[in-house]
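Protein chains in written order, with the numbering used here: chain A, 55 to 791; chain D, 39 to 129.
Mixed in with the good hints there might be a few duds.
[Unchecked claim] Below, computed lysine-lysine pairings styled on BS3-like, alpha-carbon distance capped at 30 Å:
#, chain 1, residue 1, chain 2, residue 2
1, D, Lys74, A, Lys218
2, D, Lys117, A, Lys359
3, D, Lys74, A, Lys359
Treat the hints as calculated values from the structure; they're not laboratory data. These numbers come from a predicted model, not from an experiment.
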Amino acid sequence: MQLVELQPGKKAVIRRVEGGRSVLSRMAALGFTPGAVITVLRSSDHGPLLVSLRGSRVALGRGEAAHIFVSLAGKEKPTEIETINQSSLSIALTGQPNVGKSSVFNLLTGLNQHVGNWTGKTIECKIGTFRFKGTKFSVVDLPGTYSLTASSEEERLARDYIVKEHPDLIVAVVNAATLERSLYLVAELLLLPVPIVVALNMTDVAEQEGIQVEPKVLEAALGVPVVSMIASKGVGLVDLEEAIFRLSNHEISYQPKRPSILPAHQAVLDQLRGLVGSYVLPSYPEEWVALKLLEGDEELTELMKSAMPPEAWEKVHALLYKHEDAILDIAGARYEWVARIIRAAVVEPKVTRVGMTARLDRVLTHPIWGTLTLIAILGGVLGLTYKVGSPIQAWLSQLINQLAQILRSGWVQAPKWLVEFSAGGILGGIGMVLTFLPILVIFFAILGFMEDTGYMARAAYLSDRWMHMMGLHGKSFMPILLGFGCNVPAILGTRIIESRRARLLTILLIPLVPCAARMAVVTILAALFFGPNAFWIAWGLVGCSLLILAGLGLVLHHFFFGNEHVPFIMELPLYHLPNFRTIGIYVRDNVLGFLKKAGTTILAATLFVWALSYFPTGNVMTSYLGMVGKFLEPVGRWMGLPWPALVALLTSFVAKENTVATLGVLYGNLNVLKTVMTPTAMLAFLVFQILFVPCVGTVAAIRQETRSWKWTAASVGMQLALSLGLAVAVYQVGRLI
Amino acid sequence: MLRRFLETIQAGEVQSLLEIARTMNISPDMVLQMAKELTSKGYLQEIGADCDEPQKGCSDCPFNSACQVIVRHWFLTDKGKTAVSSMSMTK
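Let the sequences and hints guide you as you build the complete structure.
What follows is the structure in structure tokens.
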């Protein structure tokens, strides 16, 4: 705290004296040097302070006293940090996470360190000491923090330590390779009345990336000492120690160049300071508190609110409310300050990833060229999947059929139901699903490649643009976009839509989005039904789904969102070379997930379907499932579908992949389907499949989010009517052609 | 700079942080930092973060990682829109 804040009768130790050379030499001549014990004998709001120092009484002007920083002496039970700090000059080591702060700490303190916890917290606290030119320094390694806004426990601890404990000096560790990110914290630290040394660490990493940082230019721009370091290799230690020593001994003039504040806001700040001044806790710097209040700092706002009488706080609150947007100028000035310093002190390489990304994005995110590229790439994905995956699938399918044959002919002693259970239920159902694994592996490998290079985000970006053009503006399109992965989180994602009516309609639209599971089934069945033409059929089906979605989206947007303009920004990663390990992990996770589902949900449903198709007679036509199937037969005739196909669709309610498993159980060999269904019926079946009622998870999510069985039934009914209607239309029109 | 950032967002439909960085002649890193700051102050709302957290049903879905392709989005909140319109009124 400043000496002027010390209550009369209180004893304190001088931590440091700030100011120009003349102030420092005058103070030193009077005996005001770090470590001296001082007691305030008399203090008033105006007029000089009378203090006792080194056995003498000294009168000191308030302006002069503001240059002297002290900490209370003889506090009861000093903390561990305070005990160390009292016997030495204290240094707070601060910086963002991953800037090499711990390396700098280890380098400074060597073995003279120990690890504890912050009082009452579980967060690690490292304290250490070192000596340089006879002076002992204590170092506290503060938790990594991005700013001083105290938005996390770590940030709160770091901020509280700097603000309340008043270290003698701060060493701000910054990463030379990502200097811009680190400088915002420096901008905030400079506002505190504690001198700073900037440790410009990881200069070797910056060099490797072709980034040149000029330490001297940075020093001149910041107005504080800057030391170039490679802490991991021990480079720059002596320079850092020297800078710390010289700054703490006032051998270097300290004139930080802080971010500016607009004159209009300076007036408000002065007004605010006047209002809160007498209520600010002694340990807090008054100007900093006023500034943080103007920035809307929640913690300090609460603190001051509780410290001030209600009528006084009302005035502060009114002033803050009037200047609510001051944060835009205050923080905005900090960003400008950072940008200015970067422009002055950092030379970027001519060819950067940002530059290359920008050049590539000119084509890849262009509304026309980008979309054409996207279509070509997605077409290539499906094409490659079919070209390479389908022959392997056909071979595996043949293998499964042969195994089933061997089982039926070789396992004659076993009960018939057990043989059928193994051959028809397990091999015919789950085995048939697993034959499609190669197709999925190729599909996920390409998807993983696209994601790892940064292209997948561009696909989402282009989709955003097209959805905007289709009328799916505003907050409805984000959940819809999410639906391409899985409908369940998409339904839950509609929570961002405030209007209940718009939210409800978005929920009704989402099941029309072909999720990844539906896409996988369509990919598999299209290959089975249409062979070399599968690519065009699969594309056409997705296109039709999107057209229906767009049509309904237009209605939704026009009638319910009132052409609301909701501009978005989105994060696009920089392009980079693919990492094949990452792609491998991506494929492994997805395939394991699929296998897990195949071994649980799909297996259970398959066995249930098998049991229904076997019992009570052992003949599928006269089984329980056969009875249900015959009941459905008239509906199937509208689309040219045999009843097993309808039953397969019904089982997709549990999980979409069940369609394939059920067809496997009921037909044994899926190629039989081509003999019992015409191409038009096959197309109608795929239309029915892609638009059919969503899975049970999605229906449960709809019920949860709408909190209405009526709307849940409406969603299921609409989807059923749409899929049935269009499938019938496709078949009937197809027959006429 | 933050005011200019908000105005740039309001002026477009869908923009990427990279495009905004180019427009404002600053690095994408700084734009991201500004987006985060404005989100914490209530001028922007971030969406898409929901998908970083597994949702009910995600754990059983074999395609759950497909959701991860959905990139982070931010849109102007009412507070953000009011700030932008008050800027244009001042001009």
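Evaluation of the provided hints:
Between Lys74 of chain D and Lys218 of chain A the alpha-carbon distance is near 27 Å, which keeps this suggested pair within the 30 Å criterion. Restraint check for Lys117 of chain D and Lys359 of chain A: satisfied, since their Cα atoms lie roughly 23 Å apart, inside the 30 Å limit. Our distance criterion of 30 Å between C-alpha atoms is met by Lys74 of chain D and Lys359 of chain A, whose separation comes to about 27 Å.
In the structure shown, no violation is registered for any of the earlier numbered hints.
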